[in-house]
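Q: Going line by line, the protein sequences match chains A and B. Counting in the numbering used here, the first sequence runs from 1 upward without gaps. Counting in the numbering used here, the second sequence runs from 1 upward without gaps.
A hint or two may mislead.
Stated by the list, open to error - With a cut-off of at most 20 Å between alpha-carbon atoms, the simulated SDA-like pairs for lysine to any residue come out as follows:
1) A/Lys263 with B/Glu40
2) B/Lys47 with A/Asp269
3) A/Lys91 with B/Ser191
4) A/Lys11 with B/Glu200
5) A/Lys467 with A/Ser433
6) A/Lys91 with B/Thr201
7) A/Lys193 with A/Glu242
8) A/Lys268 with B/Ile180
9) B/Lys158 with B/Leu223
10) A/Lys91 with B/Gly19
11) A/Lys262 with B/Thr48
12) A/Lys447 with B/Glu40
13) A/Lys268 with B/Glu40
14) A/Lys263 with B/Ala39
15) A/Lys11 with B/Ala199
16) A/Lys206 with B/Glu200
17) A/Lys268 with B/Pro181
18) A/Lys447 with B/Gln44
19) A/Lys268 with B/Gly19
20) A/Lys11 with B/Leu205
21) A/Lys263 with B/Val45
22) A/Lys290 with B/Glu268
23) A/Lys268 with B/Glu183
24) A/Lys91 with B/Pro43
25) A/Lys91 with B/Lys47
26) A/Lys447 with B/Ile2
27) A/Lys203 with B/Thr198
28) B/Lys296 with B/Gly269
29) B/Lys296 with B/Glu340
30) A/Lys268 with B/Asp182
31) A/Lys263 with B/Asp21
Simulated from the structure, these hints should not be mistaken for lab results.
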Amino acid sequence: MAQIKTTGMYKSFPRSGSDTKTSHYCAGCGHGIVHKLIAEALFDLELQDETIIFNPVGCSVFGYYYLDAGHISAAHGRSPSAATGIARTLKDRTIICYQGDGDLGAIGLNSTLQAANRGEHIAVIFINNATYGMTGGQMAPTTLAGMKTRTTPFGRDPLTDGYPLHVCEMINELKAPVYIERVSVADTRRIMKARKAVRKALKIQKENRGYAFVEIIAPCPIGLKSTPLETARFCMEEMEAEFPLVCLRDNSADQPLLPTPKKIVSVKDFFENSGTDLGISTAVPDESFKELRMKFSGYGGQGVLSLGLWLAEAARIDRRFTTWFPSYGPEQRGGAASCAVVVSGRTVGSPDADHPDLLVAMNQVAYERFIGDVLPGGFAFVDLTVPINVEPRAGVRLISVPALKLAEEFGITQSANTVILAAISAFGVSNLSRESLLSSLDAGFRKKPELAIKNKKLFVKAETWIKDQWKSSEVRECESAEIAASEDTAHGTGRGIC
Amino acid sequence: MIKFLKGNDAIVLGALYAGSDVYFGYPITPASEIAHAAAEWYPQVGKTFLQAQCETAAISMLYGAACTGKPAITATSGPGMSLMQEGLSYMAAAELPGVIVNIMRSGPGLGNIFPEQSDYNQAVKGGGHGNYKCLVLAPGGVQEMCDLTIKAFELSFKYRTPAIILADGLLGQMMESITIPDEVCTIPDTSDWAVQGTAETRGNLITSIYMNAEVQEKRNLELKAKYKTMKKDSLCECYCCDDADLILAAYGISSRIARSAVDLLRAEGIKVGLFRPITLSPFPVEKLCEVTLDRKVLVVEHSDSQFCDDIRIHISKEGKRYQELSIIFHMGGVIITVDELIQKVKSELGC
Numbered sequence: 001m002a003q004i005k006t007t008g009m010y011k012s013f014p015r016s017g018s019d020t021k022t023s024h025y026c027a028g029c030g031h032g033i034v035h036k037l038i039a040e041a042l043f044d045l046e047l048q049d050e051t052i053i054f055n056p057v058g059c060s061v062f063g064y065y066y067l068d069a070g071h072i073s074a075a076h077g078r079s080p081s082a083a084t085g086i087a088r089t090l091k092d093r094t095i096i097c098y099q100g101d102g103d104l105g106a107i108g109l110n111s112t113l114q115a116a117n118r119g120e121h122i123a124v125i126f127i128n129n130a131t132y133g134m135t136g137g138q139m140a141p142t143t144l145a146g147m148k149t150r151t152t153p154f155g156r157d158p159l160t161d162g163y164p165l166h167v168c169e170m171i172n173e174l175k176a177p178v179y180i181e182r183v184s185v186a187d188t189r190r191i192m193k194a195r196k197a198v199r200k201a202l203k204i205q206k207e208n209r210g211y212a213f214v215e216i217i218a219p220c221p222i223g224l225k226s227t228p229l230e231t232a233r234f235c236m237e238e239m240e241a242e243f244p245l246v247c248l249r250d251n252s253a254d255q256p257l258l259p260t261p262k263k264i265v266s267v268k269d270f271f272e273n274s275g276t277d278l279g280i281s282t283a284v285p286d287e288s289f290k291e292l293r294m295k296f297s298g299y300g301g302q303g304v305l306s307l308g309l310w311l312a313e314a315a316r317i318d319r320r321f322t323t324w325f326p327s328y329g330p331e332q333r334g335g336a337a338s339c340a341v342v343v344s345g346r347t348v349g350s351p352d353a354d355h356p357d358l359l360v361a362m363n364q365v366a367y368e369r370f371i372g373d374v375l376p377g378g379f380a381f382v383d384l385t386v387p388i389n390v391e392p393r394a395g396v397r398l399i400s401v402p403a404l405k406l407a408e409e410f411g412i413t414q415s416a417n418t419v420i421l422a423a424i425s426a427f428g429v430s431n432l433s434r435e436s437l438l439s440s441l442d443a444g445f446r447k448k449p450e451l452a453i454k455n456k457k458l459f460v461k462a463e464t465w466i467k468d469q470w471k472s473s474e475v476r477e478c479e480s481a482e483i484a485a486s487e488d489t490a491h492g493t494g495r496g497i498c
Numbered sequence: 001m002i003k004f005l006k007g008n009d010a011i012v013l014g015a016l017y018a019g020s021d022v023y024f025g026y027p028i029t030p031a032s033e034i035a036h037a038a039a040e041w042y043p044q045v046g047k048t049f050l051q052a053q054c055e056t057a058a059i060s061m062l063y064g065a066a067c068t069g070k071p072a073i074t075a076t077s078g079p080g081m082s083l084m085q086e087g088l089s090y091m092a093a094a095e096l097p098g099v100i101v102n103i104m105r106s107g108p109g110l111g112n113i114f115p116e117q118s119d120y121n122q123a124v125k126g127g128g129h130g131n132y133k134c135l136v137l138a139p140g141g142v143q144e145m146c147d148l149t150i151k152a153f154e155l156s157f158k159y160r161t162p163a164i165i166l167a168d169g170l171l172g173q174m175m176e177s178i179t180i181p182d183e184v185c186t187i188p189d190t191s192d193w194a195v196q197g198t199a200e201t202r203g204n205l206i207t208s209i210y211m212n213a214e215v216q217e218k219r220n221l222e223l224k225a226k227y228k229t230m231k232k233d234s235l236c237e238c239y240c241c242d243d244a245d246l247i248l249a250a251y252g253i254s255s256r257i258a259r260s261a262v263d264l265l266r267a268e269g270i271k272v273g274l275f276r277p278i279t280l281s282p283f284p285v286e287k288l289c290e291v292t293l294d295r296k297v298l299v300v301e302h303s304d305s306q307f308c309d310d311i312r313i314h315i316s317k318e319g320k321r322y323q324e325l326s327i328i329f330h331m332g333g334v335i336i337t338v339d340e341l342i343q344k345v346k347s348e349l350g351c
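Model the full structure from these sequences, guided by the hints.
A: So this is what it looks like as structure tokens:
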């Protein structure tokens with residue numbers, strides 16, 4: 001029989017200023033044995049320099065006094081997540097999560113299962129002693145049915161407290177783990193099997209094979225208010241009846257799955273040469289430029305957010321200061337979409353447009369919601385299909401455009417927004433140059449150049465059409481009284497002609 | 001180079017230019033675009049993105065990465081930020097760097113996804129258990145979403161304490177032009193304290209357990225002393241304050257609305273200025289006291305007097321005085337309009 005060597009541990013354990021060579025664990029406790037198994041394996045596998053050990057909350061919180069490696073204390077139950085943080089940051093390290101039953105199976109069960117499911121490259125050493133030793137012997141998730149603890153003074157009743165939790169078996173339901181075994185340190189023969197399991201889990205780390213889970217049934221005589229010998233018997237008989245010692249999985253001989261190497265560029269190259277920028281310069285202050293606040297609204301899919309973006313892009317090409325702010329979240333996905341665009345000759349303050357100078361409303365709901373906010377002197381562009389049943393404020397110019405229809409006739413039904421952009425250009429109401437408005441489509445369709453060409457053609461055609469249709473008549477000042485009376489003629493200038 | 005970006009995207013760009021190696025996060029509106037951009041960009045530049053199973057896990061992953069002395073970032077909003085308080089307390093206690101972005105939404109509880117500034121106290125007063133402070137930076141626009149993320153990493157490593165970017169749904173969702181940084185920052189050597197799984201760092205230990213009351217108090221006092229030294233890195237902007245009869249005090253999105261009000265009121269000949277703290281912790285107390293001395297102050301915030309009360313405390317602790325202090329606020333995702341603010345200023349000034 002092999003003999004466990006005292007290697008991989010510090011020469012003395014200087015707790016509380018003393019230089020003691022004994023541990024702080026109680027007589028008959030399993031922690032000291034498991035510490036020794038880990039220490040010896042780390043030494044024999046030459047892993048100490050690359051090892052990081054997570055110390056749990058519980059009696060073994062002071063594992064760092066004993067094991068000669070790098071150490072971290074984790075919050076209760078969080079070790080597998082924190083270990084993930086390291087495994088994903090540093091490659092080729094050996095990371096050990098040393099956890100008790102409360103830490104691993106109660107407060108940290110999700111952390112445990114998720115790390116196992118991702119197949120994190122960590123070795124989890126799970127000390128199952130069926131009780132909360134440090135906090136005074138309360139119920140653990142692995143406390144046996146009928147067992148009396150401080151919080152189950154009449155015995156654990158599965159009907160109210162649930163059944164003992166079989167974590168190995170739960171983990172065995174997952175695809176990623178490489179190695180899962182339950183062992184015990186209740187007697188010498190068992191300790192020797194536990195020794196092999198710990199070494200295997202660490203070897204798997206050394207060889208970068210993936211996730212290893214070793215559950216160790218360990219005695220806690222104080223927590224169980226018993227003697228060391230009686231507790232060892234309890235572990236071997238009662239605990240093993242509930243938690244059989246078994247190797248559930250050992251894929252450590254299999255070829256590990258390796259990720260496919262991907263092409264990598266530098267951060268600078270990625271952002272500077274990603275080919276999505278039009279080479280736009282910084283905005284130029286211009287106090288004479290009248291700040292313009294615009295609101296674009298309609299259904300999701302009508303392109304109102306894009307339309308806003310094009311206006312913002314045109315403003316950038318004209319070297320104006322600009323902001324774009326969309327409605328977001330479920331509101332947007334549920335149907336209604338809107339965005340606010342501000343164009344200014346100086347740094348923009350509020351990016352909102354609660355009182356816009358220009359409103360685009362592509363449906364009735366949007367029209368009714370926002371038309372009252374448009375400032376006198378402002379413009380409202382609405383699709384011809386929108387019934388004008390709410391009055392704008394006096395002095396607001398309301399322009400109906402058959403945007404949906406024109407886009408459909410041109411064969412790109414999604415491009416009603418391009419028609420509105422053309423209308424904004426035709427009426428010259430954005431204080432932005434026609435060239436920039438047109439160029440904004442290049443930016444808008446930078447990933448689909450063929451659509452940019454189509455939409456620019458539609459822009460030109462729609463702009464000409466709108467100018468022709470409105471050439472003879474002035475833009476109508478929509479005074480409130482006129483609206484009801486002119487239901488037929490209000491938008492008649494353009495209606496139905498094309 | 002100029003780019004037109006969403007505030008949330010600018011955070012990720014800033015993080016990469018700061019030299020960040022890893023992103024851990026769990027999606028939540030209105031912060032999800034940060035995770036989206038990180039998922040798309042980090043792997044392409046050889047960095048790591050991982051979607052955590054919850055915010056508790058995300059902050060724990062951040063804690064783990066921070067233990068190795070590597071620059072890591074996560075982002076969330078209200079409910080997620082509440083879950084992260086445990087990890088923040090542990091990070092502050094163990095003196096670990098890391099950046100946590102909170103794109104504030106309305107609360108309490110599930111609330112809604114619209115902008116609010118109601119996590120102010122949670123961010124600047126610690127937020128989790130125990131005596132600690134985080135660095136808190138409050139961007140006022142998309143450029144600062146990028147620049148302050150870089151600054152957050154710099155200060156977080158300088159002081160070895162977590163840094164929070166405290167923004168809101170509006171700043172996260174809006175787009176503006178930004179000038180992208182020229183160079184990628186280098187992260188300082190951390191091997192003297194970090195646990196990196198190397199021979200050099202084998203003896204290092206990261207913990208926050210002190211079983212002895214006197215030792216724990218000594219530790220608390222050390223942290224307190226450290227937080228005091230952070231004062232010299234406080235930042236603020238004073239806009240049109242020199243001759244102002246009334247000072248608007250606002251940060252984040254509120255400061256943008258206040259800025260519009262200042263411009264419009266000045267055009268009418270009404271002398272109003274804006275005091276905008278850029279770091280909320282450390283707070284630019286000296287400048288605050290200077291611009292508010294014997295002046296009327298109107299606090300503009302999207303929370304229930306959390307920022308306003310803090311301003312009172314800061315001025316009072318310095319033994320300074322203002323002429324009058326009043327507040328305009330909205331909650332629940334209702335945004336203060338520029339008009340509303342202008343009317344309030346006029347009524348405060350009696351004009």
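Q: Checking against the hints above, which ones are violated?
A: Of the numbered hints given earlier, the structure breaks none, since each of them holds.
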